[in-house]
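Visitor: Residue numbers for the sequence shown follow the numbering used here, so the first one is 1 and each next one is one higher.
Simulated from the structure, these hints should not be mistaken for laboratory data. C-beta atoms are modelled at their ideal positions from N, C-alpha and C, and glycine is treated no differently. Please note that the accuracy of each hint is not assured.
Stated by the list, open to error - Pairwise CB distance ranges (calculated):
id, residue 1, residue 2, range
1, K159, R23, 36 to 42 Å
2, T48, R389, 47 to 53 Å
3, R240, E333, 35 to 41 Å
4, P502, V466, 19 to 25 Å
5, P495, R275, 41 to 47 Å
6, G133, E233, 24 to 30 Å
7, K159, R498, 46 to 52 Å
What the hints assert, rightly or not - In silico DMTMM-like cross-links for lysine to aspartate or glutamate, where the CA-CA straight-line distance does not exceed 25 Å:
id, residue 1, residue 2
8, K348, D302
9, K569, E480
10, K63, D74
11, K569, D58
12, K312, E433
13, K338, E317
14, K546, D483
15, K112, E192
16, K63, E75
17, K159, E337
18, K312, E347
19, K348, E320
20, K176, E75
21, K112, D166
22, K159, D180
23, K89, E398
24, K444, E433
25, K546, D45
26, K312, E333
27, K312, D302
28, K544, E414
29, K485, D404
30, K386, E435
31, K449, D483
32, K312, E233
33, K544, E518
34, K338, E320
35, K544, E317
36, K544, D483
37, K485, E504
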Amino acid sequence: MQDAETVLSVIQTKGQEGQPLERLYRQLFNIELYKAAYSQIYANDGATTPGSDGTTFDGMSVKRWERIIAQLRDETFRWQAVRRTYIPKKSGGRRPLGIPGGDDKMLQAVMKLLLEAYYEPRFSDRSHGFRPGRGCLTALVQIAQRHRDTSWFIEGDIKGFFDNIDHDRLIGILSKDIQDGRFLNLVKRLLEAGYMEDWQWQRTYSGAPQGGIISPLLSNIYLNVFDKWVEEELLPLYNRRSSSKKGRKANPLYRQYSHKRSSAKRAGDVAAYKRYGKLMKAIPSVIDDDSYRKLEYVRYADDFLLSFAGPKHEAEEIRERIRFFLEQELGLELSIEKTLITNARTEKARFLGYDLHVMRSQERRTVNGWLWFGVPREVITAAKGKYMRNGKPVHRNEWILNSDYDIVANFQAEYRGLVQYYIMAHNIANLSEVEWVTVTSLLKTLAAKHKSSVNQIVRKHRSTMVVDGRRYRVFKVRVERADKKPLVAHFGANPLRRNPRPAEIKDYLPKTGMCRSELIDRMMAEECEMCGSKGRIQVHHVRKLKDLNQPGRKAKPAWVQRMAAIRRKTLMVCEECHQAIHAGGHRSEWDDWNNILESRMR
1 MQDAETVLSV
11 IQTKGQEGQP
21 LERLYRQLFN
31 IELYKAAYSQ
41 IYANDGATTP
51 GSDGTTFDGM
61 SVKRWERIIA
71 QLRDETFRWQ
81 AVRRTYIPKK
91 SGGRRPLGIP
101 GGDDKMLQAV
111 MKLLLEAYYE
121 PRFSDRSHGF
131 RPGRGCLTAL
141 VQIAQRHRDT
151 SWFIEGDIKG
161 FFDNIDHDRL
171 IGILSKDIQD
181 GRFLNLVKRL
191 LEAGYMEDWQ
201 WQRTYSGAPQ
211 GGIISPLLSN
221 IYLNVFDKWV
231 EEELLPLYNR
241 RSSSKKGRKA
251 NPLYRQYSHK
261 RSSAKRAGDV
271 AAYKRYGKLM
281 KAIPSVIDDD
291 SYRKLEYVRY
301 ADDFLLSFAG
311 PKHEAEEIRE
321 RIRFFLEQEL
331 GLELSIEKTL
341 ITNARTEKAR
351 FLGYDLHVMR
361 SQERRTVNGW
371 LWFGVPREVI
381 TAAKGKYMRN
391 GKPVHRNEWI
401 LNSDYDIVAN
411 FQAEYRGLVQ
421 YYIMAHNIAN
431 LSEVEWVTVT
441 SLLKTLAAKH
451 KSSVNQIVRK
461 HRSTMVVDGR
471 RYRVFKVRVE
481 RADKKPLVAH
491 FGANPLRRNP
501 RPAEIKDYLP
511 KTGMCRSELI
521 DRMMAEECEM
531 CGSKGRIQVH
541 HVRKLKDLNQ
551 PGRKAKPAWV
561 QRMAAIRRKT
571 LMVCEECHQA
581 IHAGGHRSEW
591 DDWNNILESR
601 MR
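Take the sequences, apply the hints, and build the full model.
Guide: Laid out in structure tokens, this is it:
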């Protein structure tokens, strides 16, 4: 049996060379791939979220993997309907999520490993959503690098993309590269498994349910057809260079003024020198060539942006071509009302939460043509609104019962995440408004918790930190621990300085040893971490370590103490110990562990 790294390396090579995949279904019998997939996803928050069958990753074991493999061998494996739930959208309304069961998540993760290794080398360089090593910031960096000197932005909006993926078209796209009927049938049955809502089974006629492990990858495979069409047909059609450099030629009048200014300088005529300098600033140094066209494209998930240098009627023509292709080839509908054509020089386009427009300046000619990235005003208003009531900062009631350390850490995490996301914004300094509201809410939360005043909290927790050679005022909480380093949380010291290139765009390549982890080594040791018995074990999962500190519990059970001691969200236990944990019982075999803990404490 080949190890996971070898299998994925061979598949990736075929993807790079454009060779079709054969006998892919048989790779699902390789238990090494299950180890690799489990090591990547076991720590996800969704690992303990039950599907419609009530199963999670809790109790994961080699025996469970072998059962899935046996069902795949005789083709009796059946996908369970996902449990449908809803999460709120920022723009209002609710977005449906499909939550699979534990075994379905496991098999989806293995399939994702195989398909990702094959398709990653084939995906467009202009695609950034749901891809390893890529994200929103890499998409924005690419816009800054390639989309300058543009006239129009075309903001793409596909109506209900994830709910309208055509199953037959998706299987047809996969069949061009995967010549394995059993694997394709497995994918098709996954898409048609349906969902459970209000205890009623509903069939899925289209779409890839958001929430599934493999759904984002299947969505990228579906839209990769669109990416290739844009790159191979649309961009060549609308990218036309002229005989002059960069599609522009020198302005004769500008050159005339420049020559006269140089003559005035040599003659020592200061007044003439200044006059011609002002005239040069009043006119462009170059003029556009009417035959020049430039079109660029970037996509993140189902959101895409095109920048076009040319007349508006051609930008409208490009939008119509995109609408026709999506409808005819992929069965998707482009929202004409929301697919805006924005003047890049006089208006602002919105993409991935940033405002974009082309900079123009008579004083600083070097910035002309470059893109301006901005934090939208409504983002600042919404960020402040989380901490305000009736126009004033207030405490956060939901965090008052937390420790001081957790309160400060939570406030810092929220604000730091906002700063890090908008680190490319030219107006990032505007986030100082959010900082003031956030820190005021933090101080009021601590004051409400301790029934104290804000001034007393400030005197108790104020401190300073040095970041990049600059000293910042912060509020710090320190938790002393015996024989350990103290826990320290702080709020502040988030420099509001723009970073024009916070992320580097790289192609994903599997790394040697990527499929090994401490978790798998603990599983393969086949030793119960509670009673010490040998044999096949099961993995007991908890969502977070702090969930173990349940209020009202007089004494912590031995298994809780064990997990806290090793500081892991997983515990390798035998079947008997696992049953005792879920039954709230105690085994005499655990007493030895309690004695060890007591001796260490003494």
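Visitor: For every hint, state whether the structure bears it out.
Guide: Evaluation of the provided hints:
no.	hint	result
1	K159 with R23: 36 to 42 Å	38 Å, holds
2	T48 with R389: 47 to 53 Å	34 Å, violated
3	R240 with E333: 35 to 41 Å	30 Å, violated
4	P502 with V466: 19 to 25 Å	21 Å, holds
5	P495 with R275: 41 to 47 Å	43 Å, holds
6	G133 with E233: 24 to 30 Å	28 Å, holds
7	K159 with R498: 46 to 52 Å	35 Å, violated
8	K348 with D302	20 Å, holds
9	K569 with E480	23 Å, holds
10	K63 with D74	17 Å, holds
11	K569 with D58	11 Å, holds
12	K312 with E433	38 Å, violated
13	K338 with E317	16 Å, holds
14	K546 with D483	21 Å, holds
15	K112 with E192	18 Å, holds
16	K63 with E75	18 Å, holds
17	K159 with E337	11 Å, holds
18	K312 with E347	14 Å, holds
19	K348 with E320	22 Å, holds
20	K176 with E75	23 Å, holds
21	K112 with D166	20 Å, holds
22	K159 with D180	32 Å, violated
23	K89 with E398	21 Å, holds
24	K444 with E433	17 Å, holds
25	K546 with D45	13 Å, holds
26	K312 with E333	22 Å, holds
27	K312 with D302	24 Å, holds
28	K544 with E414	19 Å, holds
29	K485 with D404	17 Å, holds
30	K386 with E435	12 Å, holds
31	K449 with D483	29 Å, violated
32	K312 with E233	20 Å, holds
33	K544 with E518	18 Å, holds
34	K338 with E320	13 Å, holds
35	K544 with E317	52 Å, violated
36	K544 with D483	24 Å, holds
37	K485 with E504	34 Å, violated
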